[in-house]
Every structure is written in structure tokens, then in C-alpha cells.
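Keeping their order, the protein sequence lines are chains A and B.
With the working numbering applied, the first sequence covers 27 to 203.
With the working numbering applied, the second sequence covers 20 to 438.
For the record, the hints were derived by calculation from the structure and aren't laboratory data.
Values in this document were obtained by computation on a predicted structure and should not be read as measured data.
Glycine included, each C-beta is placed from N, C-alpha and C at the ideal position.
Possibly wrong hints are sitting among the right ones.
Okay, derived cross-link-like pairs now, DSSO-like style, lysine-lysine, Cα gap no bigger than 30 angstroms in a straight line [to be verified]:
no.	chain 1	residue 1	chain 2	residue 2
1	B	K84	A	K125
2	B	K236	B	K267
3	A	K182	B	K84
4	B	K357	B	K342
5	B	K289	B	K236
6	A	K182	B	K357
7	B	K357	B	K84
8	B	K341	B	K357
9	B	K289	B	K267
10	B	K267	A	K125
11	A	K182	A	K125
Chain A residues, not near chain B, derived (Cβ > 10 angstroms throughout) [claimed, not checked]:
no.	residue
12	A46
13	P67
14	R76
15	D80
16	F127
17	P133
18	S137
19	T161
20	T176
21	A196
Quick partial rundown of chain B residues pointing at chain A, CB under 10 angstroms, derived from the structure [to be verified]:
no.	residue
22	D244
23	S388
24	Q408
25	V409
26	D437
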Amino acid sequence: MATRDAVAALQERFPELDLAPRPLVTYADGRASDQLWVRVPAERLVEVCRFLRDDPRTRFEQLCDLTCLDYLNFPGATDRFGVIYSLLSLTHNHRLWLKVFVNDPDPAVPSVTGIWRGAEWPEREVYDMFGIRFTGHPDLRRILMPQNFTAYPLRKDYPLTGRGEREDFAVVTRDSA
Amino acid sequence: MPVSYDLMKPTTLTREEGAEDRWTLNFGPQHPATHTTLRLVLELDGERVVDVTPDIGFLHSGFEKLGEHLDYNQYVVVVERMNYVSPINNDLSWHAAVEKLFGIEVTPRCKAIRTILGELGRIQDHLLNIGCSGLDLGGFTAFLYGFNEREQIYDLIEQISGSRFHPSYTRVGGLAQDVPPGWTDRVLDFVRNRLPPALRDVETLLLRNRIFIERTKGIGVISRDDAINWSLTGPVARASGVRRDLRKDEPYWCFADNWDGRGAPAVPFKVPIATGGDVYARFLVRLEEIRQSCAIIEQVVRMLPDGPINAAPDAQVTLPNKKEIYFSIEGLIHHFEKIMSNRGFRPPVGEAYGATETANGEQGFYVASDGGRTPYRARCRPPSFMNYQVFPQLLRGHQISDVPAVLNSLNIIAAELDR
Numbered sequence: 027m028a029t030r031d032a033v034a035a036l037q038e039r040f041p042e043l044d045l046a047p048r049p050l051v052t053y054a055d056g057r058a059s060d061q062l063w064v065r066v067p068a069e070r071l072v073e074v075c076r077f078l079r080d081d082p083r084t085r086f087e088q089l090c091d092l093t094c095l096d097y098l099n100f101p102g103a104t105d106r107f108g109v110i111y112s113l114l115s116l117t118h119n120h121r122l123w124l125k126v127f128v129n130d131p132d133p134a135v136p137s138v139t140g141i142w143r144g145a146e147w148p149e150r151e152v153y154d155m156f157g158i159r160f161t162g163h164p165d166l167r168r169i170l171m172p173q174n175f176t177a178y179p180l181r182k183d184y185p186l187t188g189r190g191e192r193e194d195f196a197v198v199t200r201d202s203a
Numbered sequence: 020m021p022v023s024y025d026l027m028k029p030t031t032l033t034r035e036e037g038a039e040d041r042w043t044l045n046f047g048p049q050h051p052a053t054h055t056t057l058r059l060v061l062e063l064d065g066e067r068v069v070d071v072t073p074d075i076g077f078l079h080s081g082f083e084k085l086g087e088h089l090d091y092n093q094y095v096v097v098v099e100r101m102n103y104v105s106p107i108n109n110d111l112s113w114h115a116a117v118e119k120l121f122g123i124e125v126t127p128r129c130k131a132i133r134t135i136l137g138e139l140g141r142i143q144d145h146l147l148n149i150g151c152s153g154l155d156l157g158g159f160t161a162f163l164y165g166f167n168e169r170e171q172i173y174d175l176i177e178q179i180s181g182s183r184f185h186p187s188y189t190r191v192g193g194l195a196q197d198v199p200p201g202w203t204d205r206v207l208d209f210v211r212n213r214l215p216p217a218l219r220d221v222e223t224l225l226l227r228n229r230i231f232i233e234r235t236k237g238i239g240v241i242s243r244d245d246a247i248n249w250s251l252t253g254p255v256a257r258a259s260g261v262r263r264d265l266r267k268d269e270p271y272w273c274f275a276d277n278w279d280g281r282g283a284p285a286v287p288f289k290v291p292i293a294t295g296g297d298v299y300a301r302f303l304v305r306l307e308e309i310r311q312s313c314a315i316i317e318q319v320v321r322m323l324p325d326g327p328i329n330a331a332p333d334a335q336v337t338l339p340n341k342k343e344i345y346f347s348i349e350g351l352i353h354h355f356e357k358i359m360s361n362r363g364f365r366p367p368v369g370e371a372y373g374a375t376e377t378a379n380g381e382q383g384f385y386v387a388s389d390g391g392r393t394p395y396r397a398r399c400r401p402p403s404f405m406n407y408q409v410f411p412q413l414l415r416g417h418q419i420s421d422v423p424a425v426l427n428s429l430n431i432i433a434a435e436l437d438r
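So here's chain A without its partners, still in its complex pose:
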């Protein structure tokens, strides 16, 4: 079963949403990539994900990856952040990408940890690196950066060098630890 059938099933279930599948990239010669993505509004995300996991026509049992893109100054982009869910169906052997767009201030997305347990750490990583809050996450803490780090280093307005460097942190001694 092709990904398009899964998207058709999704559109049938949620007729009120604009769930048109789009290719991730279109090449210079006009060919389109066979990797498709669908835009999902944040407030309907959990509902959509639950359907995609459980419906026999879609059966996306695994969350392959969860990441985020900061679309600041990206050509043609209207929203700041896109949280990207990479879904994988082992039953039908197809993939689908979901994008949830959120904006400043206080970008927040509902957590999908209740659907795929494997979302726990990737959501923490996105929170750590982009500052996107996942509401309903069981343990939303920074995961890679130190707990007292204040910025979000993978945002596009965070420079490669010059901020948050090792020299800026207080030295922890045995007595102060």
C-alpha cells in the first residue's frame, strides 16, 4: 500500500483539515520526491497521530524520528518553527512526515509520548535545542545541554561561536557542588 493511500484514509477521516500531501523536495528537472509530508494543526495533532497509528490502512506503529526546523529566513516560509514527525509503518512499509508549525512567543505542541513511547527523548531534545514546549510530556527537562543553560542553541538566531561558551560558566569546585 502506498503512502498516498494512507494519506487518503487520513483525509477521509478528517475532512475539515487541509491534509494535502506534498513532496519534501522538488528537483530542478521537475521530478518530485516520493517522500510526502502533511501539515497538521497543533491542536489536532494527538487525534491525527492516534488515527495514523491505529487505523488498519495507515498503521504507523513507529515514530522513526522527531525533530524540528527553525524556518527563520527560509525561502517561502511563513511560520517560525516546524516540528517534524517522521512516521514509519512496519506493516505496510511506508513512511509519512507530519509537520506542525508553531510560532513565537511560547511555541508549544502537544506531546505524542502517549502514542509512541519513543517520542520521549526526541521531544526533550527538541525542547532543549529549540525551546519548544511539549505539553503533557512526562519529564520535560534539557537532555544534552546542562540544566542551567538558558538559550536554545539550534535556533537560527543563535550564533555558531561567541555565546554560551565553556569560559562563560562558573567553575564547579568540590565544595560548591
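Got chain A sorted already, so can you dock chain B onto it with the hints?
Relative to the frame of chain A, chain B by itself:
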């Protein structure tokens, strides 16, 4: 229950009057049994593990941020520092994803060489892992047998790229250079004559060793459904009965039918699956995967096609070979056009995901491009990171001496975990 940040600080091992008799033990980040730099805070009831909180990020070096500032060829030097146990696999995954973004199909010879290298990387990784599964339980010898043969793979990698450890061998649309004459014979000699005796030695030491079996069977069990739900891939998932291998399910290079454009069938091999879901099952799956990789290498070497290693030499993406650069003015100009920061080649605006089956599981890259010289975002889907989050689940209720055994069976590489 999540441990609060205060608990992550080293504290004195005391307990309040009347409270449950539990100890907090700090394990790592500098501890020989963690193999790499990672830290666990264990909550113990006697010797029984009640809860584990992994604390990661010690090796975080901003690889993904660096990727946004290096071009598509330069970044390969950084990605191969992720899983440094099998560096070549990182190169291959990165350029598989980039080629998906550019819409390039590599040449048959390049596909075949990449397939051989990918399997050598898998053998390299698994040899260390199955060796360590003995080491962590107190059997040092198996580790040495495994490590000895890894040395042979380093030599093979050195012969193609000049460096033993970090080859930086792939380029967009091809490879840095062709393999030297006689290299394939040495690869064949390795998989036919060198590796099988070493594998037999490891097997004789561990496979039916009563101590080894008692310490690994039924330890760290995860069911098939849980493995899928927790995003596990690779040998860890396959040891729980998940039938999934990208080489079969989303075939690439020589694993796809008609890979040479002249009707060659996909390279036949078997995907080992176990149903135990425990540490022993993962050991068995890895052991068998090494054998299958040897079979793949033998077949691919036998039908290695001649021809160019770089896709479409007049296309804008591939670098000219060094001979042209050093001995002709056109080649030099061509080279400068590619590598100078105000020239270079441009991908289409868009995003792409490409993944290969590495020793640890699905290693993929989500590459986004705004049409510039460097990626807009170079996200890595690190199998170690996705596999490690299930660790507390696997360990609850086991003895403290099972911690290294389970940790090793997941094959966590901290540099890939933290990037």
C-alpha cells in the same frame, strides 16, 4: 518516577529514618563499564535496581549546528565522528541522504564499493560489541579475539583512504577515489580466511558458556510490540522479533534489484531474527549478522563492475579526480569552481530523509536546504539515542551486575548519542 535535578548531584549515601532502604549510586561518567562517557543514577534496593536515570550530554559537541556551517562534502568529516566504532557507516548514511536531496543516483561501481564498505563497518562494530559482551561479564579473551580482527578492517580502510580510523571516503555523488589495485583480494582474504577462525574462537568461548548464558538469558527483555513503540531499530529490535532491515525493506545500493542498470538481482542474504528479546538474543543476532555480512561482501566483490566511481562527471556536484586537478588547468579551474565558498554547487530548496542500516540500526539524516552552499539543517537520527531511551525499562528489577551487560547489548556509542 523522574528523578529531580537535585538527585543528579553526587550526594552522600544516607537515608532518612524510617524511609525505605534505598541507595542512590552514581555510575559514570568516568567508569570503565560504561565504555564511553555516559552517566547513570541508579536507585538501588540492596543489589536490585529499582530505577535508573540516564544523564547524557557529556559528549555533546554541536554536530548538527556545525552541519549548518559546512558544505555537503566538508560535513562528512564531522559525521564520521558520531559512531566512531564504525566510522565509514556514518559517511555512507550522510551522503545517502544528501544524494536523495540532490536527486542523484550513484554509479554501479560506487554502489558496489559502498556496499562492501557498509558491511565491513557492520562487522567492525559487531566484533567490538560481541567481544565486549564477554568483557563486561568478566571474560576478557573474547574481546581480544574481536579486537584483533578489527585491526584488519582498519588496515583495509587505510588502504582506500589513507587514514585508519576516520576515512572521510564518500563525496556527494561518489567516492573520494577508486579503491587501489588488489584491495578486493585483501577484502576477500579477510572475510574468507581471517575472520571465520576468529568468530569460531569467540563462539566457542561464549555461545555455550554456562556462566555467559546464565548472565545474559532473560536479562533486559523487551517484547516485540514494546520494541516497535519505543522506536528501536537494528539488532536490538530484531532480537525481539521485529522483522525490519532497511537493506530488505527499503533497498539501496546492491540490495536493490537492477542496481547496475543491466538487470542484476539484489544481493541475496538472510536477516537474522531472534524472539528472546534479551541480552543473549541480541548477542546471537549480531553474531549471525557478521556471517551474513561476510557472505554479502564475497558476492559483491565477485561481481564488482568496472566503470566510473562518480555519478555524471559533467554534473555540477562531483569533484574532478586529483589527477585532473594537479595535471591540467581545466581540472584545477573545475576543482576551484566546486570548492570555493562563493561558488560551489547548489541543491534544490527542500528537504529529504535518507537512511541506511548501520550496525546499531537505522541511521538517517534529515537534510533541509534553502538552496545555499551549506545545509539549512542537518538532523541526524542517531540509533544510539533512540535505543538508549528504553534502557531504564530494561533494567528495572535486575541486579546491579546486569547493568554493564544490558548497556553493552544496546551498543550505546556516546559520541553518536550526544552528537
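- [ ] Please name the hints from earlier in the document that this structure breaks, with their numbers sorted from lowest to highest.
- [x] none
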